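*Asks:* Input sequences plus hints: build the corresponding full structure.
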Amino acid sequence: MRPLAVQPSPGLPGEGLAIPPPPATSLWVSGVSWAWVGIVPFFVFALMFLIVPTSFLVVGGFQDSQGHFTLRNLQDLLQPTIVSSYLISIKVSAASAIGGALVGFALAYAAIAGGLPTWVRSTLMTFSGVASNFAGVPLAFAFLATLGRTGLATALLVNVFGFNIYNAGFNLLSFWGLTITYMYFQIPLMVLIMAPAIDGIKREWREASANLGANTLEFWRYIALPILWPPMLGSTLLLFANAFGAVATAYALTGSSLNIVTIVLFAQIRGDVLHNPNLGYALALGMILITGLSNAAYIWLRGRSERWLR
Amino acid sequence: MKRGRLVSWLLIVFGVLYFSVPLLGTFEFSLRLLRGVYSLAAYRIVLADPRFGATVAYSTALAVATIVVGVLLVVPTAYWIQLRLPWLRPVVEFITLLPLVIPAIVLVFGYLRIYNSSSVLPFTGSERTTDLLLMFSYVTLALPYMYRAVDTGLRAIDVRTLTEAAQSLGAGWSTILLGVILPNVRVAVLSGAFLTFAIVIGEFTMASLLDRPAFGPYLQNIGANRAYEPAALSIISFAITWACMGLLQVFGRGTPAQVAGAH
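Just so you know, the sequences run in chain order A and B. Counting from 1, position 189 in the first sequence corresponds to residue 189 in the numbering used here; the numbering is continuous, with no gaps. Positions in the second sequence are counted from 1; adding 310 to them yields the numbering used here.
By construction, these hints were calculated from the structure, which means they are not laboratory data. There may be inaccurate statements among the hints.
[Said to hold, decoys possible] Label-pair distances were calculated between CB atoms; the ranges are:
| # | chain 1 | residue 1 | chain 2 | residue 2 | range |
| --- | --- | --- | --- | --- | --- |
| 1 | B | 472 | A | 216 | 17 to 27 Å |
| 2 | A | 214 | B | 468 | 11 to 21 Å |
| 3 | A | 98 | B | 442 | 32 to 42 Å |
| 4 | A | 37 | B | 496 | 37 to 47 Å |
[As the list claims (entries may be wrong)] Here are some chain B residues the structure puts well away from chain A; computed CB gaps all over 12 Å:
| # | residue |
| --- | --- |
| 5 | 417 |
| 6 | 441 |
| 7 | 493 |
| 8 | 526 |
[Claimed, not checked] Okay, the calculated bits of chain B under chain A, using three or more residues with CB under 8 Å as the criterion:
| # | segment |
| --- | --- |
| 9 | 345–351 |
| 10 | 372–378 |
Small disclaimer: the values here were computed from a predicted structure and weren't measured. Glycine residues also receive a C-beta, built at the ideal position from the N, C-alpha and C atoms.
*Replies:* Printed below as a string of structure tokens:
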């Protein structure tokens, strides 16, 4: 079983094998098939807990308090505090996605294709499975205990190198602090997502290109990167969406001192801090748009990469 | 190639440091409660706190309920799609991926508006029904992982032949599902279950906004009020995640762990 994020439909070969029409059983009553009844519970569940609640917020984003259609809420999203909360969210998500993607790819490539013993790879994969799930509140505590003012790493740097990162302007409760913390789950996620793609780069390609006189740089420029960039970019988008929707880590780490959009929404749900329920819906609508677009781009890029990586 | 291998080792060493230092830092911090000596005092305080036991028990019960309901929802659906309605597969797959697209906080926002105490379905009207709503929220969160695991398991077996064989022996639908299909995909179901457990046990956003006494909000509360106990709780919580993923590896027969998203 591969990590879910890579292949939402593993075992694609089976896809084309349409199962032949069912034999006549009691499900056919006077020429009408009743087979659809079997999936009614699922669709009722999906309607109740996914589609209707989301639609309610999306519609609410376009309504005023009397329920009339309006674009006022979307305009109100442009007020400086809200725009800045979206921007800081986008910045943290993008930085942690790009950083996590680069480091994660380098790690995965080193472990899989870097000529290391096989136990390195299996250990890295197992650990990535654990670390990508180690998130939320406990992760925030871990970083406070490590890079906080009295944390282990902070103290070590002071005692060994005489270097105080806090005097140098570092603050865990800031853009960089949150980015470094998010990367703790982004890097292993990237490792899990990219491993199958890196497996797809055949050793023979490398040898064939070397036979034709290509050096390492040319191998990457003309063979590996053209094949790997769609899954790399796609995975980065997935990491972006992953960080963008995160609440618990940021909330436990910074309280409300760093106003990322999920924390603004959290406060809005708790106590209508925007003094306009419909503006809250519009805030949620903006988030759905951003994560939706980045997921759509991911799916499109995945389709492009599947041609080569089988 | 020698130089390439050195670079690979350096990268791995960097990775090991990045991931072990925060864990070591947390562990070291958790031992510092008593001034001047390392002790397990923080752990003792945490374990003696009745709210710790109560919230862990609450979240565990919720996780078990989530797994049961999730399996009951997902296995028949995936089975039926495979057997009778393959043309609906893209639709169902798309729906199961929605929880990865729509942030959890947005979903729970919608629930709070739709299922409030003055609505047609007042889930948030009483504590018991709010528990029910929270459980359904977690089924939603776990849906992508559960569905993927079960669907992969079902594709690996010959659903059609098994069903026809069972039918020709006179089995009804419940016997087919519980006695034939479920045992054949138990590995897949178990791996989905452990992942669900790992997601639910420390979940903060939904439990907090629905105002239920789960482990996640308790962690956050301790974190806001104490210094050393949160570190001890982090280590305990990491151990739980590690145990879940370890069991996943054992029961998944060495397949790589999946990725959760309850951040």
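*Asks:* Run the structure past the numbered hints and jot down the numbers of the failing ones, going up.
*Replies:* 1, 2, 4, 5, 8, 9 and 10
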